[in-house]
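Number of protein chains: 4
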Amino acid sequence: MKKITVIGGGSTYTPELMDGLIKHAGVIDLGEVYLLDIDKTDKFKIVAELATRMVEHAKAGFKLRWGTDVENGLKDADFVLQQYRPGLLEGRINDEKLPLKFDLIGQETTGMGGFSCALRAMPMVAKYVEAVRKWAAPDAFIINFTNPSGLISEFVINTLGFERFAGLCNIPINTLQTFADTFNCERKDVFLHYYGLNHMSWIDKVFVKGEDRTQEAFTKTYKPENVPDSELFERFAIESGMVLNPYLRYYYTTQTKLAEEKEAKAGKGTRGEQVKKIENELLEKYADVGLYEKPKELEQRGGSMYSTAAVELIRDLSTSGTKEHIVNIRNNGAVENLDRDYVLEINGRVSEKMIRPVCIEKAHPLAKGLIDTVKLFERLTIEAHLKNSRKKAREALLIHPLGPGLEDVDALLDDMLEANNKYFRLD
Amino acid sequence: MKKITVIGGGSTYTPELMDGLIKHAGVIDLGEVYLLDIDKTDKFKIVAELATRMVEHAKAGFKLRWGTDVENGLKDADFVLQQYRPGLLEGRINDEKLPLKFDLIGQETTGMGGFSCALRAMPMVAKYVEAVRKWAAPDAFIINFTNPSGLISEFVINTLGFERFAGLCNIPINTLQTFADTFNCERKDVFLHYYGLNHMSWIDKVFVKGEDRTQEAFTKTYKPENVPDSELFERFAIESGMVLNPYLRYYYTTQTKLAEEKEAKAGKGTRGEQVKKIENELLEKYADVGLYEKPKELEQRGGSMYSTAAVELIRDLSTSGTKEHIVNIRNNGAVENLDRDYVLEINGRVSEKMIRPVCIEKAHPLAKGLIDTVKLFERLTIEAHLKNSRKKAREALLIHPLGPGLEDVDALLDDMLEANNKYFRLD
Amino acid sequence: MKKITVIGGGSTYTPELMDGLIKHAGVIDLGEVYLLDIDKTDKFKIVAELATRMVEHAKAGFKLRWGTDVENGLKDADFVLQQYRPGLLEGRINDEKLPLKFDLIGQETTGMGGFSCALRAMPMVAKYVEAVRKWAAPDAFIINFTNPSGLISEFVINTLGFERFAGLCNIPINTLQTFADTFNCERKDVFLHYYGLNHMSWIDKVFVKGEDRTQEAFTKTYKPENVPDSELFERFAIESGMVLNPYLRYYYTTQTKLAEEKEAKAGKGTRGEQVKKIENELLEKYADVGLYEKPKELEQRGGSMYSTAAVELIRDLSTSGTKEHIVNIRNNGAVENLDRDYVLEINGRVSEKMIRPVCIEKAHPLAKGLIDTVKLFERLTIEAHLKNSRKKAREALLIHPLGPGLEDVDALLDDMLEANNKYFRLD
Amino acid sequence: MKKITVIGGGSTYTPELMDGLIKHAGVIDLGEVYLLDIDKTDKFKIVAELATRMVEHAKAGFKLRWGTDVENGLKDADFVLQQYRPGLLEGRINDEKLPLKFDLIGQETTGMGGFSCALRAMPMVAKYVEAVRKWAAPDAFIINFTNPSGLISEFVINTLGFERFAGLCNIPINTLQTFADTFNCERKDVFLHYYGLNHMSWIDKVFVKGEDRTQEAFTKTYKPENVPDSELFERFAIESGMVLNPYLRYYYTTQTKLAEEKEAKAGKGTRGEQVKKIENELLEKYADVGLYEKPKELEQRGGSMYSTAAVELIRDLSTSGTKEHIVNIRNNGAVENLDRDYVLEINGRVSEKMIRPVCIEKAHPLAKGLIDTVKLFERLTIEAHLKNSRKKAREALLIHPLGPGLEDVDALLDDMLEANNKYFRLD
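Protein chains in written order, with the numbering used here: chain D, 5 to 431; chain X, 5 to 431; chain R, 5 to 431; chain C, 5 to 431.
It cannot be assumed that every hint is accurate.
When chains are identical, the list treats them as one kind, so a pair holds in a single copy or across two.
Claimed, not checked - In silico lysine to any residue, SDA-like type, Cα no more than 25 Å apart, as pairs:
| hint | residue 1 | residue 2 |
| --- | --- | --- |
| 1 | K269 | K366 |
| 2 | K357 | C189 |
| 3 | K272 | N76 |
| 4 | K138 | L390 |
| 5 | K63 | R383 |
| 6 | K101 | L430 |
| 7 | K213 | K327 |
| 8 | K289 | A62 |
| 9 | K372 | E387 |
| 10 | K391 | Q219 |
| 11 | K213 | N188 |
| 12 | K372 | S393 |
| 13 | K105 | T260 |
| 14 | K101 | A268 |
| 15 | K213 | E316 |
| 16 | K27 | E264 |
| 17 | K327 | E167 |
| 18 | K272 | L402 |
Source of the hints: derived by calculation from the structure; they are not laboratory data.
Construct the entire structure; sequences and hints are all you get.
Shown next as structure tokens:
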């Protein structure tokens, strides 16, 4: 029977995940779920106890354990989910606010915020991957949600050399679902020419039951609730003939997004601050010992279909036959004009314990331009981490399309270093 | 409901195919099978009438029609199977015998025999592909068994630009079945790092349920009954750590194969001559109006699992979800160190009306060496056909590892041209 | 004897060029120089008459002719120099001022100014290349100074398919001269790993007489007089271990350059406005019928060593043996990690009527990132020109690191179209 | 002043080389030539004493020393020439005879003879390169004539990582001279699209003073005296539109060459046996103390222009300015469709202490096919040497177009191992 370990098990997302695991416990042949976190905080306790009640109430047939001991937690695990947030919400809020001082985007994955988030995350990720190698089952698979998920996938696969790994995001599955709804079919009937980095991806062909329906599809871009819409961006998508990941707004309407971020900071709070409020409300709900299911309010938290993506991937990595998921894996030739060793968000053929990329020809030049540049940023950031190198960090920031010029790069770095001095240093 | 047209429907293989189609008629949603051939010979009549009896007897629920009119035959077809033999068995027997005069291999796909066979086949293939474009359903798929199947696949996909095409062979499916038997699982549980050209392929990794079982597997190479075994060849496979396509014997034990061919020619007859005898015996059986099923003797004909491969591919191109078949399609990056535009025999992810290659990293240098050279031969042969160019034909023969030197190339070409003057010319 | 035609012969630079041609007339075997321009303006007359006096006074031994007839001008020319400015200085001044409204760089080659300059230039370039094909000698060579010189080189070589072409700039020759001075040797003793686009290039290795002197060299970056220095930029060069083209300041210290441009516009005038003033002063000097040589004041005009670069290239394309020049030509594999078909500013092996790239391994990732992106901008701009496509123009601007976001792109385009309605349109 | 060390200084070629060095001593600034060999044999003594007399008689102004001490010989050398024959002529004669037993070509560089020669050579080459690193000047350059020169170049540059290296052959310089004579110009006026491996090269474009004269040139293939002509081969060259290296006869007219080798073995002796006779005659001449110049009879020995190639390369690596030589160096992108890391025989831009490849676009498919295959053979042979691996040796022989099949590969290897047991072993 399988054991699944959730690192960052104390997250308020956990009930969502538990809901999915309970539903598919049988087909996964699930024996145990272990919620692992760093401290036995009240939050962790509340979440873990709700999870326990959910499993018991549903007679799910698997054990729910929780704790902070890494060896116990990872021992013989078949699947490891990474969903921790390095530096917690405080770290994220810092990431969001700090770059605004220099008129730069602070979003947690895409802008300068993603940079400091990455530098906090990498040491932890390296430690946990090491622990997975030591204690988990020899063919354990890691599924990652920890942000910035794209850069972390690049780091784990190409730097740490851990290949049984998939970076996962809920945008691809939501996009597939949107098209399935639009064309009145199942997700498995939709095949997308989908490529890019996490939160920076393009779709230039939409096939439904093998027929090219791109013309009908690309005007129906996925519009997640938590990203405000923009007429400019939609018109650009239609003109380009491509479905655009909503996070591309940070690149194409930078000024607008910057103004939004500044307004939010001054008013209703940054996204991190809002999430903090929502989380506190959720935890109050969770603490109700009469609650045996995930509460409705969890949907507000964002992350629609998050658990579906994870649970279905685990299921398809555990069962016979060939399935398909859009995941962050090494390109290996699937997209012709992107380097073979780039970790990309692309179609993966999934079978038992295996993911292999599926070939889809060339990326559009506009996409290739950004992907090459941001992949270079990712690799320079990784190098900065590996060598604690301020020089490489400067190069990373200077090359990023949303980064500072030479005028501000040092002041920005100084501020980041001060705010994150518990987490990383650069010499 | 689907219509399947079989070009070369008068083949003695047809009952084997009918057997498979009858079994899967429901899942394919089969409405009609049309057997198309060039002349209403006695042979065609016998085969078609047996096929009709089989369909009726099995209450298969689809129509069986047959005839020689290309428009009628292809009209609105959803799948077109090519299984005709250009120049019939007489052509093949010629191909086999003629090169022996120059101490060269005459096998119908691999040696110099494959060359003349290809030059006979291409004009017909071009004509039928044109007809498919004109009369068949707009998204009709062609599945090819016509030899030399690898070169024909290269020609149809890259020269004629017809992409809804798969070159099919029974060796991959037999290999998968052998491993499934060996490891006591289903074919879909086996994933092979399989690559090469048709009848010239290598397997360097065998995964069973996601686990690397190569060490156990490669000593258990597929051994088809109609290819005599050789200790030298097996030892080489084991030393190389690769499962070798049995037709690679022509490259690695050329002298032995040449001696065998000469001996056969002098004694029991070439393979073509033997097949001719078997066919005559089969047709006698087929003519028995009391026969409602494929006769046992058909197995002797070779082509084990031939209909299974075709019928399952048709099924998976007709139904929802993702499956996998080893087929001849364009590489598109799936094998890193082979040109992206080579048509190769590799893993294809199959879903409704679609095949996409699955990435598997690098070909072994020994394999790459031969693949590059023989692919060059294929392309020069295609160029010779397109331009009726003796110069290109000479280049093709000179570059082939089993071809003649400058001393014999012209005499060989002269003989081939004389023997095939009804089929092609070179200026 | 050779004929050289100078398109844009009425430029105030012409006396500089004449000075060089007079010096090397013998080795070039020069028979005639033809100054070609569009109108017989007073300016053209003054320049041409000074040129005539210079040739006569020096007893240079070749004919000086001038006029506006393209056929006469190009008839049997062996070398064609393009040094015209599309839209004249008025066009340039417009290019410089207009983008400032949107807080964007207006420099004539690098920023948004380069974009409108390119759209004005391409139709003229296409017309002249056509005329060269028609009237000039069959193996005539075009040497280009017309801005934006990098994009024009890409356009002529890859779009118009005219391969006997070199884009020339005075920065490479000045850089070589700087190092020759520094290391007390001749320019031919210096070999640079020099690569990039025109006005966007890097040097990561400096060899002097075959010895690697990079460490000593890169701190001694070329500092042209007409580009203000900056401590930030120099420190970055030293940290990167690369000699940086001074125009890279537009990318790395965008805010500073933008502030400078705005200040200049408000005060001493844009560079174009300053040049206009200098030109007027120069023309007054030129008009002096007692002047037989280029006046000292010409140096202020910028373009140090401009004529040396052109004349030496013409000389080495006319004489036996192998020489070397840094020119804008097709990569063809010289720089490993840049596309083979990019036109780049790189080392060219020059012999009679021939230039071939010299291999120098990989571009630094930082350089590659910018080169790929700006080359994409160039190609989209060329596509916009070819199709009069506003859609492609938008894509070009959006991808440029110094371009606008979706918020301003249309307003910027509208302004450019209005200002340039005599020169181009986009639908 | 420069020091040149000749490893294999006792060769009968040495007087030829001395003749060239004496002529160019001034421009090279030559201070000393050291003849280094393994034993103070009579032969070495005779050759060295003649060399001494030549230098003295010509008042060449440099020192001639000779001996067997590697440290003394290589100490502070600026150029090292490798011209030794591993296993001496006896080794070569063995190489030539042994493969004939299996109906395989025994030529010293191209066929199976090249294989055993390479396995004898590599240990010595590795030892001498190590010694050059230890004793010679830090930027010493190695120029190689030791056979098989192509494989040795691959080995030194890519395996040993010694980059200041050029593999040299007299065929390119003779080809250039032939064209210079044909077109009545100097060698430096001829530019060839020349590519391939040593003794396996093609020329598909001939430029004279920048003009494409290919049509006139390719019918005038270089015909060295010591390679018998053949109408078949010439016609093929003309049809292909390419100038073919005469050693390509071994690939294209294998049967004829094999018959020639067998006949020679039975009659006048193999090439090695003939050379042995010539050498003995030469040594008798050399021993004449009244001889102060290279004797006329040396020409019979083969190797026309051998010393010119070497001496001019040394000169151009010692003097200011850019020159060009066809040498064996790493491709680095110069030929588009051949791997960047292949060591090839191509155009090199030569300046002081530096060689860089010059780009020339694509190799013809026929050439590419053979180059890829024989380069794979080279690399497998190198691997066989590095690991003493019989398995890799088998793979090398099996992939070679002139190698055995599985039937003979082991017997051939056994014979080679026995004949060369003093030189190498394979386990």
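Hint check results:
1. With identical chains, the CA atoms of K269 and K366 are never at most 25 Å apart, being 40 Å at best within one copy and 44 Å at best between copies.
2. Taking the shortest alpha-carbon separations for K357 and C189, only the inter-copy value of 16 Å comes in at or below 25 Å, while the best intra-copy value is 28 Å.
3. For the identical chains of this complex, K272 and N76 are neighbours neither inside a copy (41 Å) nor across copies (71 Å), given an alpha-carbon limit of 25 Å.
4. Within a single copy, K138 and L390 get their C-alpha atoms as close as 21 Å, which meets the 25 Å cut-off; across copies the closest is 35 Å, which misses it.
5. In this homomeric assembly, K63 and R383 never come within 25 Å of each other (Cα to Cα): the closest approach is 46 Å inside a single copy and 62 Å across copies.
6. In this assembly of identical chains, the alpha carbons of K101 and L430 lie at most 25 Å apart only when taken from the same copy (21 Å versus 41 Å across copies).
7. Taking the shortest Cα distances, K213 and K327 sit within 25 Å of each other both inside one copy (15 Å) and across copies (14 Å).
8. For the identical chains of this complex, K289 and A62 are intra-copy neighbours only, at 19 Å inside a copy versus 63 Å across copies, given an alpha-carbon limit of 25 Å.
9. Proximity of K372 and E387 under a CA criterion of 25 Å is satisfied in both settings, with 22 Å inside one chain copy and 17 Å between copies.
10. With identical chains, the CA atoms of K391 and Q219 are at most 25 Å apart between copies only, with a shortest distance of 22 Å across copies and 48 Å within one.
11. Taking the shortest alpha-carbon separations for K213 and N188, only the intra-copy value of 11 Å comes in at or below 25 Å, while the best inter-copy value is 33 Å.
12. When the C-alpha separation of K372 and S393 is checked against a cutoff of 25 Å, the pair qualifies only between copies, where the shortest distance is 21 Å, while the shortest distance within a copy is 28 Å.
13. In this assembly of identical chains, the alpha carbons of K105 and T260 lie at most 25 Å apart whether taken from the same copy (16 Å) or from different copies (18 Å).
14. Taking the shortest alpha-carbon separations for K101 and A268, only the intra-copy value of 10 Å comes in at or below 25 Å, while the best inter-copy value is 34 Å.
15. Within a single copy, K213 and E316 get their C-alpha atoms as close as 21 Å, and across copies as close as 18 Å, so both meet the 25 Å cut-off.
16. When the C-alpha separation of K27 and E264 is checked against a cutoff of 25 Å, the pair qualifies neither within a copy, at 39 Å, nor between copies, at 62 Å.
17. In this homomeric assembly, K327 and E167 come within 25 Å of each other (Cα to Cα) both inside a single copy, at 19 Å, and across copies, at 23 Å.
18. In this assembly of identical chains, the alpha carbons of K272 and L402 never lie at most 25 Å apart, being 31 Å within a copy and 31 Å across copies at closest.
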